[in-house]
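Asker: All chains should be built: construct the whole structure from the sequences, respecting the hints.
When you line the sequence shown up against numbering that gives the first Met the number 0, it's residues 0 to 291, in that order.
Keep in mind the hints are simulated off the structure, nothing from the lab.
Here are the simulated lysine-lysine pairs, DSS-like style, with alpha carbons at most 25 Å apart:
| # | residue 1 | residue 2 |
| --- | --- | --- |
| 1 | Lys85 | Lys279 |
| 2 | Lys137 | Lys279 |
| 3 | Lys137 | Lys18 |
| 4 | Lys276 | Lys137 |
| 5 | Lys159 | Lys259 |
| 6 | Lys66 | Lys18 |
| 7 | Lys112 | Lys259 |
| 8 | Lys57 | Lys18 |
| 9 | Lys159 | Lys112 |
| 10 | Lys137 | Lys85 |
| 11 | Lys159 | Lys276 |
| 12 | Lys137 | Lys159 |
This structure is a prediction, so every number in the text was calculated from the model and none was measured.
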Amino acid sequence: MKRRIPSLIALECFEQVMKTGQVTRAAEALNLTQSAVSRQIGNLEEFVRQSLFRRERKRLVPTEAGKQYAAAVAPLLAGLENETLKLITWGADDRVLTLGLLPTFGSRWLIPKLGDFTAAYPDIQLNIVTGLTPDDFKAANADVAVQYGDGNWPGMTSHKVVSEEIIAVVAPALMKGKEDANINDYDRLLMTTRPTAWTEWLEGTGLADSGARGGAQFENFTMMIEAARSGLGVAVLPLMYVADDLATGRLIAPFGGPVKSRNAYYLAYTEGRGSLKKVKTFTDWLLGEASR
0 MKRRIPSLIA LECFEQVMKT GQVTRAAEAL NLTQSAVSRQ IGNLEEFVRQ SLFRRERKRL
60 VPTEAGKQYA AAVAPLLAGL ENETLKLITW GADDRVLTLG LLPTFGSRWL IPKLGDFTAA
120 YPDIQLNIVT GLTPDDFKAA NADVAVQYGD GNWPGMTSHK VVSEEIIAVV APALMKGKED
180 ANINDYDRLL MTTRPTAWTE WLEGTGLADS GARGGAQFEN FTMMIEAARS GLGVAVLPLM
240 YVADDLATGR LIAPFGGPVK SRNAYYLAYT EGRGSLKKVK TFTDWLLGEA SR
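Answerer: What follows is the structure, given as structure tokens:
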């Protein structure tokens with residue numbers, strides 16, 4: 000019996016429009032014409048007999064049905080892609096290392112060092128995936144992943160890579176005309192995956208918390224750093240991510256110095272993968288880099 004599922008290209012167009020909210024940007028991402036994307040969205044809506052978007056000016060706003068369908072379809076497409084990549088590299092599993100990275104840690108700390116690894120071990124091909132939680136890396140079937148926490152994850156072996164210090168920073172322009180540096184006078188930028196960051200820093204510096212109002216919330220540090228640079232408020236950020244900004248004066252830290260975080264960055268992998276040569280090789284290399 001033929002399966003009652005829409006075409007893959009229709010689902011890909013749907014996923015991209017959900018991400019971007021615009022047919023134009025979805026078409027660019029998929030290397031298709033705008034009319035082709037619009038046609039595929041129309042075909043999908045006809046197939047499921049539901050309106051998945053409301054047309055508002057130049058944007059497509061998802062309906063409730065569209066939102067629910069996207070939440071169900073996205074992991075299925077990701078899983079299909081992952082299994083296909085595994086099939087493409089069938090027989091070369093010992094040569095392909097899937098490495099899970101936190102986006103900002105990857106871009107600012109680890110990825111600049113990976114050239115040395117690929118030069119030293121040209122027989123190991125890196126497949127880099129990003130995520131924010133251990134579940135993200137599990138879904139991506141990562142061999143190893145750099146995770147932030149206390150190093151205790153059930154069923155996993157972890158090695159401490161680097162400790163972290165956090166510091167409260169602000170754009171110099173936001174301080175102009177202010178004679179003092181009372182942190183409670185400013186909006187606090189918040190990180191959804193670091194709900195205790197402000198408490199940790201305030202306790203570490205001994206500053207009183209007057210319950211200043213929270214500002215915008217972010218899912219990753221890269222966006223949060225840009226928000227701080229733009230003067231949206233004060234952000235508590237890892238010192239390693241803003242060291243260059245502090246050195247150049249793009250950001251300042253007038254409220255107090257850095258405080259050591261309770262947690263750190265760890266390289267983690269499931270206990271069953273610890274015996275793989277590629278995992279051992281990468282672990283030894285990364286811990287060697289960290290020790291320097």
